[in-house]
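Peer 1: Just so you know, the protein sequences line up as chains F and X, in that order.
The first sequence runs 1 to 174 under my numbering.
The second sequence runs 175 to 415 under my numbering.
Rather than coming from a laboratory, the hints here were simulated on the basis of the structure.
Incorrect hints may appear among the rest.
Label-pair distances were calculated between CB atoms; the ranges are [as the list claims (entries may be wrong)]: (1) X:393 x F:51: 49 to 57 Å; (2) F:95 x X:394: 36 to 44 Å; (3) X:285 x F:122: 16 to 24 Å; (4) X:353 x F:13: 18 to 26 Å; (5) X:409 x F:83: 24 to 32 Å.
Quick reminder that beta carbons are idealized off the backbone N, C-alpha and C, glycines included.
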Amino acid sequence: MVTGTRPDGRPTDDTALEARLREIAGSVPDPELPVLTLAELGVLRAVRLLGPGRVEVELTPTYTGCPAIEAMSADIERLLHEDGVPGVSVVTVLSPAWSTDDISAEGRRKLAEFGIAPPRPHASDGPVPLALSVRCPNCGSTETELLSRFSSTACKALRRCIACREPFDHFKEL
Amino acid sequence: MTATAAEATAAALALGDDALVLSHRLGEWAGHAPVLEEEVALANIALDLLGQARVLLSLAGDEDELAYLREERAFRNLQLVEQPNGDFAHTIARQLYFSVYQRLLYGELATGSGEFAPLAAKAVKEVAYHQDHAEQWTLRLGDGTEESHGRMGRACEALWKFTGEMFQPVPGLDLDWPALEASWLELVADVLERATLTVPSGPRTGAWTAGAGRQGVHTEPFGRMLAEMQHLHRSHPGASW
């Protein structure tokens, strides 16, 4: 990226500015899992300065039909407008496909704290490792069973803990 | 082989209409599913398919115009996906046949460099869960009670005649269709056998279809489904929340 002076005369470092805008965009909470930020969820792909006051943000959906992407776009636009960027365009990119491995370590910790079992890591080309147990986020037991592959949102499965009997959501591997 | 722009648009319509129409059929279960978990599962699968449909139809034109303002003969979906939900076994048989097909198809498209590759690479991971769902239910119902076994068997028989159309080559998709069909037959037969069901032996296509969905020829229930799906948009053009 270019380092120098913008047309308005304000000396600036575009790379530093991009990094700051990326931090702002990445701080937006996920509309359906508000404990996570978009950066922790791994759906923020890029923030690019197109010109003075014009920024393009690349988002990738967790699931193709994820309805939260529209709310995420609106929230990013609002925050960047508030920071003084008048021209914000949020575009959706599909490739490379998002994977649950894109969720940061901090994101996984917050999910568990929020009562949602985080996804298990998997090799990018390998099968879903169903052999690993899913730990109950309430009591920590690994004795849990699958109730349904689908739950309150597209990205979660519904499980039950055999030890404490509590049902819980599991962020399923994708 | 490079697809022409017209072929690519037609292929996007074919795949997009499959996803859209099946999504709508699954949505019809909302409020009617046998248990709460299934209500949620079918709606989730419908949502995945709707997301795929939106991307695909947007490659072919304006998604809303295509979904809500086309007449029946302009839709290019398979006749299989427009079949009514029937009992739960019919819905599961339709899911099994279609999800195995879609997973194979997207798996192939994902490895290419065509315009469908990014969507296919993403959607194939979602469809893996749809296939697993259909498979688990087929096993549970087929290898269940006498009643569930009978119903699941009848559903698999009833929809078998719509499965030949899936392997009619779609212009614009450069795939080995006979190989796709062989894999499909093998995978479906394996599930049915494990579910203690008989693999249907009847023809998989024939004169009763009077053509095929891919050519815009549809079965009678499709018109009624479209009427319901398009009614609101046609009654209130341009309405928004």
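Peer 1: Hint by hint, where does the structure go against what was stated? Just the numbers, ascending.
Peer 2: 4, 5
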